[in-house]
Every structure is written in structure tokens, then in C-alpha cells.
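Since the structure of chain A is provided, determine the placement of chain B on it from the hints.
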Amino acid sequence: MGTGTNGELKYEISQNAYIKLVLHSLRHKTAAVNGVLVGRISPNDEGVVEISDSVPLFHSNLPLLPPLEISLIMIEQHYVAQGLSVVGYFHANQRFDDVEVSGVAKNIGDHISRYFPHAPILLLNNKKLEALSQGKDRSPVMQVCILMLRAVRLVAAGTGGSGSLCVRDASKNWRVVGADGGSKLLLKEPSANVVLSDYISSEKWKDVIDFDEHLDDLTKDWLNPGLFN
Amino acid sequence: MVMKTEERELNQLENQVENGGGGVWEYLSLVRKLKVRRSEIVLKHGLSILNDSGKRSALGPDEWTLYEQVAVAAMNCQSLAVAQNCIKVLQKKFPESKRVGKLEALLIEAKGMWEEAEKAYSILLEDNPLDQVIHKRKVAMAKAQGKPSLAIEHLNKYLEVFMADQDAWRELAEIYVSLQMYKQAAFCYEELILSQPTLPLYHLAYADVLYTIGGLENLIAARKYYAATIDLTGGKCTRALLGICLCGSAISQLSRGRNKEDKDMAAQELESLAATGLEKEYKQKSPAKLNLLSSALRSLKLS
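Respectively, the protein sequence lines represent chains A and B.
Using our numbering, you'd call the opening residue of the first sequence number 1 and step up by one each time.
Using our numbering, you'd call the opening residue of the second sequence number 1 and step up by one each time.
It cannot be assumed that every hint is accurate.
Derived lysine-lysine pairs resembling DSBU-like cross-links, with alpha carbons at most 35 Å apart [as the list claims (entries may be wrong)]:
hint	chain 1	residue 1	chain 2	residue 2
1	B	55	A	204
2	B	283	A	127
3	B	143	A	106
4	B	289	A	29
5	A	128	B	44
6	A	127	B	88
7	B	119	A	128
8	A	29	B	283
Note that these hints are calculated values from the structure, not bench results.
Chain B on its own, in the form it takes in the complex:
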């Protein structure tokens, strides 16, 4: 996950690099550090360094890291010939290397040769059964072949061993959501909230899933998690503010004709605070849409 400040820095460097302002090596290093995917740009500029023997030797030992980075970026862009060339160079420099072996297996995977790739990864796993990257490749391959249940099976097995891997829990949650298996997704977000209770992202995602499952209890719980998100983000999260309003509307629809158990004053105050917060945000950042927001909020109150 990338923080906003890091993202800003990345975008700045990216603009600079794309407009010929230099800073390519800083950009490539930042991409590596943040583990983000910017394959087309990395490929373009990384290759321009590698193809220039002067620039290449100026990198010193980092040259090999760049070959690796460009190889992966090339595979992402389906420039398999480029990837093959980079891997050849690395093979020559580091024969018998497991790290290069991983790249070779990745290339087989990129070619769509699933069975061979499985075999290659299994061999690599024999020597290093705790290699998290390779385990994740198995999940990725299942996804790529359109076998989400297999991906889920692999991920669940992975999480039995590496249960602290938050990225994996998030990936699992997202796969469940894509299959509309909301209850299972909710379980994943519960694990994430337990492990990092101060991260608003997880509260927000959990609230969204609870709302989607529906039913009075879930809506009331969703509202609590939206409220937690607002708390953790200092009131700046538009999605959470909207979530409060949606919950209020849905809850009052459901409790109509029942014992009005939701007429708890705190909830009403929460809703009007959320509405005010939203209007303030829109006035400041998107004034042209303020009217739309206001009539949307009105229609939520009436429905």
C-alpha cells in the first residue's frame, strides 16, 4: 500500500521522467521501493539506460537490479523478447542463481504455458518451501486462468502459514468480493481490522461489505464502521460520509413499521453531521456538483 505523500512523490518523478527532465534512476528506485506497477514507463526508460553502455556501467552493481526490474516490466507489457534478453544477461552473470531461476519461471508463466510454469515453481519450492513470492505466483496463475476457486484454495493454504500477510488477506477479500461471496470477504476484513485497527482503509472496506450484505444488524454495524473511518481520517473520507447517509436511509426503510429501534439520537446527529461535512467538502472541491449532492442527500432522507 502506498501513502498519499509517497504517491505524490512518485507522480512528480514520473512527470519529470516522461517529460525528459531526468531523474530516471530515482524514479526506478522509488518504483522498486514502493512495489508499484508502472510497467510501461519502467520498460521504456529502464531499457534506454540498459541500451546505453555508458549509462549502464555508471550504475555499477545496480546494473543487475535494473535488468531484473526491466525483465519483469517487459513481461507485464508482453514484450517477451526483451524479457528473454534481460534474463539471458542475468543467467550469464549469475549461473545457478535461484533468483534468476524465479525470473525464468515467471517468463514461462508470462507465455501462458501454465503446466510448465507450475513444474518450474514446484522445483523452486522444493529448495525453498517458504518462498512467499513463489506461493503467490501460484495464486496469480490460478487467477489468470480464470479459476478463482483454485486461487482461493491456494490463498487460504498460504494464509495458514503466513497469517500475518495483510496483502494476502486483502487479495483474498477482493477475490471473494469479485465472486459476490460477501460473508467470506467480511471475515477477511475482520482479520485485517484485528491486525491493524488504526488503518481506516479496512474499516471502510468492511463497512462497504456489511452494507452490501444488508439486513438491519449489518446496516447498523456498517454505520459504526463508517463512523470509525471518519474518526480515523479526521472527517476527510468522502466514501465514509456518504456511507453514513446511505446507512441512515436504508435503516429507516427497514425499521419502518417496526419498533423504530433506530431512533437513537446519536445516529440522527451523526447523519446531519455527515451531510454537513459532505456539503463542506463539495463546496470546497467540487462546487459545480454541490446541487447534485444536496438533492442526492435529500432523496436519501425521503426514501
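With the rest of the complex left out, here is chain A:
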């Protein structure tokens, strides 16, 4: 994308992808949970990443590799047939007021962005989620974090009088963008929060299946077909 900065890129998340992730966090209120975002670069606008679906992954032992590796393999293989791939990562911290991007979130984010540059990390914003029932806020209850690559330059006093510039290793930093991330992350369907509030009232989160549950009981489907019927 030109200069390599993320300045122009926007993320548009579909209602189903969005709601599924929030409901998953509500199902496991006392744990950290995570999920992956599935989608593609918009065929109509190169500056927009369409997040058309999401897969809730785990609600225990998030930093362990084996379940993560197998889930990513299977998820990629399933969606490649639809021309989609894993385009980002979702994370909800265990504690209500914890707004940090944890180590495991950064590691998984790094990994995903190796395959899909500009993959975002979406962090659940608990305060906004709590306020949902009270307000008419239409912005998503998530923060967007983007990977900033910083090249550190060293000026070395060289022989021959002139200094030489060399680029040290780029340090990677995941930064929350925007005050509420609202301008970078767009809800494709503007009434998504209304639908989400409805589902919360009807305790729909009880029906969300994640990869953890699938591994414990293969009859449970992490694709959650029929969740929104």
C-alpha cells in the first residue's frame, strides 16, 4: 500500500462477524477469549478490508500453541474455498478494566500479519459494551490496534568523514488507533448494535460454540451455522 503506513486503510466488519465475537466474550465472562477475523481486501476498494466472518477460538489457555496451530490450519482451509482468509485477530481481556494488548495477542497478531499484512487486532472495549444497553451508540464496542513498524536509524561515524545511515531492526509495536477506533473500524450494518443488544437480552451467547468446545466434543461446530437464523 504505497508508503507502507496504515494511514488510509479501513476495516469494515459484518454484523454476524461482529456479534459472534461479542457474544463469545459474554459466554465466558470470567475468562480471556480470542477469535480470528475472516475476510478479504474489498474488490471494490483497495483501501478497505472486508471482515465478513469470524471464528471464536478459545476461552482457556490462550497462549498454548497446539490448539491454536490446528485451528488456524483448519480455518484457513475451510475459507480458502470461498476466496477468504484470516485477516485479523480478536481478543477480550479477562478483567473489565484491562485495556492492554497482551503478549499473546501481540504474538498471534504478529503471526497473522505475516500472512496478511495490515491485519488488525480488535480488542473488546468492556466499558462500551456495558454502556450498550443505556445508549444509542452506533460505533463498535471494540478498539482497533494496528501494527506499526518503526525503523530505527543509526548514524555511525564512519571512516572517510561521512556518517553512514543504517537501519537497525524494525521494532514492532501494536498501537490502539483513534480515540474509540470508530473511524478505522466500521460496522457494515449500521443497526448492528441494536441487534446485538437484542441478542444480549435473549441470552443468545449460550449458543455460541468456539474451537475449544469443538476439540472437547467434535459434535459441536465452530462454524456456528444457524446461530443467527
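Below, chain B alone, put in the same frame as chain A:
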């Protein structure tokens, strides 16, 4: 930890209770016995009994146990007024009671008043320095305040005294994993395996941690523990079967260009048995995903 049969019974009762089919007292008793957390449901139905004087007196002396159970459930759901009321009733019935004192301290903790709660727990500990529940509250408070290193410190001190407490070892392991301190987590699982070598859960967790740390030796060890898990579960553990396949792939990647020390026939047979086992499981329980599994296994062999 809850066994599968117990969990099934619990879920059945829960469905029954939630759909108005009665059995509330059996359900609440089972929740107490299994020490599981079902706070919203316990609160809802427990309160309906407590608010009905007829049902309440029918409980006899169990009434006070129910007040205690509902108080804790209310605190979990942040219904602090309800909790306060239950505690008041208990205070009236059992003045000077240490058990009620614990509930009072728990309520202070639930309000987020950490320093006061610390003080309250310290006072309770003076009279009973070996009270495991109170020691664990200190760990819980450290976690709740986002101080995992303090939680670890408390837990380690606790385990010096109560080294047979498997729940505590598991909690410590999970905190270490959440901080990506895998080697320390591995140590905890080693302790657990030593104390209960026939429990597949610990072998599986240990294998997962070893795999995550990585390196050839750890991968080979992980494979052994996945194999032990499969042995202990009669081949039914999907996670362990997948673990074998992941190990095989990772090991062959690492030993490429080395002396092929992993070409031990047993390992290869193990992998193909695991793959067959997985395909059988998927065919039976999740046939729609069988293709996904097969291509995942293929990509592991190739990578």
C-alpha cells in the same frame, strides 16, 4: 474438577430447573457439592426459595446454607444488595461466627475495596492461620487487581504449606501460561503428574506446554506425553491425537538436515495410528468436517 457423568447430571438438572420442572433444591445441592460456578442460575432460583417463607421453612436447618450459597452467587453477579441482605440474616442468626465473618470480608472484596478486604482477611487469618479459603482469597484479589506476579508470590507461599493442593498447582500453572512463562508452568504440571500419574488431563496440559516451548527435545517429550494421554483415555482424546500429528510435523521440520534421529519406526506408526483415529472420530461425530481434517493432516505431513 468435574467428571463427565457429574457434568451431565448437572446440565440435566439445570435444564429442568430453568424450564420450570422443579428440582431446584437438588440442583443447588449438586452445585454446592461439585463446587462449580453457576452464579446467575443459583441466584435466580435460590432467591425464589428464600423469598417464599413456606419454601424457606421447609428447608429446616439447610435454610442457612442456602443463604450462604445465594450470598456468594449474588456477589459473583454483582448483586451486592442481595448479598448484603443474606449476610445480615446470617449475622443475626449466628453472631460472632467466623464463617459469616468470611462472607463479610468477601463482600468487602466484591465491592473492590481491596485494602479493607486485606485487613479483614488478615484478622481472620490471625485466628485461623491455616484457613485455605482465606489464603486463596488473597491470590484472587491479586488477580482481580491485575497483579499476576503478586498472585504468583502468594500462590507459591501457599503451596509451600499446602503442597498437596492440586487445584492450587493448576491455578499457578494457568497463571504462568497466561504470562507466557512456559517453563514455570511446565514445572507445575510435573508436580501434578507426580501426584496423580493416571490423570490424563495433566499429561495433556504438560504436552501442550512442552510443544509451546519448542525445541527438538521438548517436542519429542511432548509426543510421549500425548501418547500417554491417548493411553489413559482409551484413544478418545482428540487434542492428544492432534498433538501427535503436530509433533510429528514439527519434529521432522527440525530434524531436516540433521541426522534424522527421529526416524524411529514407532513414531511413524504412532502418527499414522493417530491420523486414523482422528478420521474415525470425525467420520462418526463431525462428518461435515472430515475433508477439512484430512487436508489439515496432509498439510502437516508435507510441512
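So, going through the hints one by one against the coordinates:
Of the supplied pair hints, the one linking residue 55 of chain B and residue 204 of chain A holds, its CA atoms being roughly 32 Å apart against a limit of 35 Å. Distance hint between residue 283 of chain B and residue 127 of chain A is unfulfilled; the C-alpha atoms sit about 44 Å from each other, more than 35 Å. A C-alpha spacing of about 21 Å is found between residue 143 of chain B and residue 106 of chain A, which places the hinted pair at or below 35 Å, so the restraint holds. The hinted pair formed by residue 289 of chain B and residue 29 of chain A meets the criterion: a straight-line CA distance of about 29 Å does not exceed 35 Å.
For the hint pairing residue 128 of chain A with residue 44 of chain B, the CA-to-CA distance comes to about 26 Å; that is within 35 Å, so the pair holds. Taken as a hint, the residue 127 of chain A and residue 88 of chain B pair is honoured in the structure, with Cα atoms around 32 Å apart against an allowance of 35 Å. Simply put, residue 119 of chain B and residue 128 of chain A have alpha-carbon atoms about 34 Å apart, close enough for the 35 Å limit, and the pair holds. At most 35 Å may separate the alpha-carbon atoms for a hinted pair to count; residue 29 of chain A and residue 283 of chain B meet this at roughly 33 Å.
Hint violations for this structure: number 2 only, all remaining hints satisfied.
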